[in-house]
Amino acid sequence: MQSEAIIETRNLTKIYRDFWGRQKVRALKALDLEIRRGEIFGLLGPNGSGKTTTIKLILGLLFPTAGQALVFGRDAREVTKNERIGYLPEESYLYRFLNAEETLDFYGRLFDMPRAVRRQRVADLIEMVGLDWAKRRQLKEYSKGMTRRIGLAQALINDPELILLDEPTTGLDPIGTREMKDLIIKLRDEGKTVLMCSHLLADVQDVCDRIAILYQGELKEMGRVDDLLKVQDVTEFRVAGLSAVAQEEIKQAIERSNGHLLNVGNPTATLEDLFLKIIRESKEHPGRRVRGVEEKT
Amino acid sequence: MEIDLADVTPLLTWMLGPNWAEGRLFHPLAFTLFILLVCGGLVWAIARSRKGTGSVGRGAALTIGGVSAAVIVIVALAVLVWKLLSLGKTQQIAWTVPLAESAEKFANNWLEILQWLLGPDWRQGALYQWCMVVFFAAAAVFAISWLIATIRRGPGAALQTAGRAIGECVLDVVRISPRRVAALAWLGIKESIRRRVIVVFLLFVVILLFAGWFLDPESVDPARLYLSFVLSITKYLVILLVLFLSALSLPADIKSHTLYTIVTKPVRSSEVVLGRIAGFAAVASCLLLIMAAISYFFVLAGLAHTHQIKAEDVEVVGFADGKPTELRGHTTLDHHHRHKLVVYPSGEGRVEMEQGHWHNLKGDWSDLLAEQPPETAFQLGQPKGMLEARVPIYGKIRFLDSKGKPTEKGINVGDEWTYRSYIGGGAEAAAIWTFDGVDEERFPAGLPVELNLGVFRTHKGDIEQGVLGSLWVRNPLAPEDEKPKLVRVFESKEFQTDSQFIPREFLAGDKTVDLFKDIVSDGKIEIWLRCDSRAQFLGVAQADMYLRATDAWFWWNFVKGYIGIWLLALLVIGMGVLFSTFLSAPIAALATAGALLGGLFHDFMTRLAMHETYGGGPTESFLRIVTQDNVVSELKPGLQTTVVQTLDQPLEIGLRIIAALLPDVSRFGAFSNLVASGFNIPGDTIMTYACRTFAYLLPMFVAGYLCLKNREVAQQ
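If you read the protein sequences in the order shown, they are chains A and B.
Numbers 0 to 296, taken from numbering that gives the first Met the number 0, label the letters of the first sequence in order.
Numbers 0 to 715, taken from numbering that gives the first Met the number 0, label the letters of the second sequence in order.
Next up, chain A with everything else stripped away, as it sits in the complex:
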């Protein structure tokens, strides 16, 4: 059974006009999307493809030129939908003269949360994003990564059902990126729906259940990541502890069945995996590290 649609766009179109009403840019053309409860949906596309415009239309920050955007079955311009939404903008547009606590408390008040609840929630979120040590510093003193974290915390202040993330990993170091991705998956596991847009393909591939690819305001492809990336006519085995003899036998078996062997070798880890491993080891064993790669050469 398909779960309920959280976001639905029907023929959603946005044309930017100048002061005199003349058409400047056709940012989005007749977009039809449906995002269901409990999935991580990625919007992909190069710069200027309409990703951010779509998110802004869904949030009611822009009004559609034609078509409709529905959130929780209601028009996107309705204010009440925001009670169940969290939004992390592309850059964290926060008040730089407030500190982390004041920022989160302020947004909490915008959700009409009572003081006690707010206080608890602010403390939890600051701990979650790891900014406990800097919670009294004004945001203008924060690094980009710290601003991103506090931006995420403000998006989660109301424990939202739907989270919209605009370029969530921009400006984060590899550890921060990994944490952000883990968090997105954790949120999905808690039953929340996530819509993110990014042009960092690896990130999207890592976390998204479904994606849509936009180009010049038009939807070019949409579907499950696994399905879209599956290369239909290539078969992959990953085997551990295989002897040289057995490898030879397999090669012969492939030849016998007219298969075409593309590559045999040891897989390489991703740079991300390597980096995180080194950092983890360094944390566990402080001091000079014996560099494995150099040793071998």
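These are calculated hints, taken from the structure and not from any lab test.
Quantities reported herein were computed from a predicted structural model and do not represent experimental measurements.
Treat the hints with caution; some may be incorrect.
As the list claims (entries may be wrong) - DMTMM-like, lysine to aspartate or glutamate: derived pairs with alpha carbons at most 25 Å apart:
#1 B/K708 / A/D17
#2 A/K23 / B/E711
#3 A/K180 / A/E126
#4 B/K708 / A/E89
#5 B/K254 / A/E77
#6 B/K254 / A/D17
#7 B/K708 / A/E7
#8 B/K189 / A/E140
#9 B/K254 / B/E711
#10 A/K143 / A/E271
#11 B/K492 / B/D400
#12 A/K185 / A/D123
#13 B/K309 / B/D363
#14 B/K708 / A/E77
#15 B/K254 / A/D104
#16 A/K180 / A/D205
#17 A/K139 / A/E101
#18 B/K254 / A/E140
#19 B/K395 / B/D517
#20 B/K189 / A/E101
#21 B/K189 / A/E100
#22 B/K510 / B/E439
#23 B/K339 / B/E387
#24 B/K254 / A/E90
#25 B/K189 / A/D111
#26 B/K402 / B/E427
#27 B/K254 / A/E89
#28 B/K523 / B/D461
#29 B/K408 / B/D531
As the list claims (entries may be wrong) - Derived coverage of chain B by chain A (criterion: at least 3 residues anywhere in the stretch with Cβ under 8 Å from a Cβ of chain A; other residues may be distant):
#30 184-194
#31 265-272
#32 701-713
Idealized CB from N, CA, C, for every residue including glycine.
Since the structure of chain A is provided, determine the placement of chain B on it from the hints.
Same frame as chain A, now just chain B:
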């Protein structure tokens, strides 16, 4: 070692005064303490806002704040108690009388306000007219929106959209959350502090510190100078500040995208607009409160001074039995002026008015006669009659011509055209005021009358002597042939307020007349003014004579002057926030400044639109400038005239609409003039203007909300 108290007493008296508030130390100390407290608080606030936590912990910060607030409250209370006690002392606990009168006035004020709001018939009331204007404006907006929507989507869909929009508007206003508004207001306050509100405040303090450089110490009326100075700089600084704060805030948030994180929370546009207005209003209120307190002490300290009477300045003019019986002379020169003084044989004496005030002698006047020659210097008290809130009771004026026949106006002597008209001397001509509400309870000793007369001389005469005038009284309900009774003849004073007194009992011929038994009837009395110098003229207008009831409290009148500025600041905030919801920052600031200036010329615009000015409408005036035509003469009939006058018609309609929409800013400014001139601002005037301010704020709020609601905040 024993200390002889007698040695220290004069020094202590000099420092602390006979009562501490009159001592030399009081004003400078109080002023310095206040400034120190406020500046300390501000430095602390800056430190906190700059460093987040700052070097001061929360507990310490709270303690500092609490102690400062407590000290300010205690000082304010002490001043109040001192003021009350000193008033009570001089007027034998008479301060309870103004209190009771105030309560009565307050009740009457409400009645008057209700009358103004609801009218004798509800259709004439201000409330009804306001409702009509708002209703028609809303209807016009609805009609125009519906028309546009119809062109775009067809009539049915347009009607549906309009219906939904109205429903949403009602919801957006009804479901405003106080907590959200408070949060947004708090943000506005924080932002204002970041935007250097403190700089404006420091500028104010610096201007006050250097005020001595440009306030003329030899002014005829220093109280007026000081008061108008502090009120004006407060007004200009606060208005400029709130203009920029309110007009720049929202556009800055839109430009920096910080508004995205707010409008994607369940925040209604109505709350954003209301939050901004409330936040900036709070900033303006706090700033005005502090400025008012500092200004009050500044004025008190700036005007405080005393004089001495020294032997060499006094001349004996009357002797009896080898002893002096009458003295004339002057006081010492202090504060750039000295007063003439006279001591009468009765042992009474007085210091003449100079620079709008006089002083009482500390001690007995007869001591001056007793000591001959006086060896010690006699000390005068603090200035009296300087900071006042006179409560004038105005009457209705009518005129008699030189033959004693009723006439519409006095004579036009060619000096002033419209405001005053003149009555000639040595004839039957008179200006007659009829006053209402005169009773024994209100004026137990008689009627204090104040006059501001214009004088016009047809010949020089005795230039040392003023033109003579006389005051007469008459029962307005008496038969027409009853003549008025002469009370007193006086020498008129030009360019200043002349105080006269009509005593309760006076001699008319050989008969003693009691004002309330013989003249006043049904609370009404006629006071006649005649000019007694042949061929000279006295100029009068209705407001030139008034009865002076018990004065109101000066400090409260001073506060009312600041309430006027506060109301004006609220209006500017409303306009600024409204314009900022649909214009970019510089344009919004310009539009607000434009509306403010337009409001200043409200009267002129109305007269221009109603053809009450010389030279016709805007196009006609322009033509007259180009052709160098006289403004008074009619234009020659012809095509040119028809064209300009036709062009003027839509312009005049536009002007009339603009004039009807803009608040009359100049009248809000008039509050300061009343305070500076020493007149009480009537309570009902304040309340009327408060109603007017809110009558403007409400539609401005709704319009701002609608503009923001229909604005794509992410549209660049």
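| field | In rising order, the numbers of the hints this structure does not comply with | value | Structure breaks hint 28 only.
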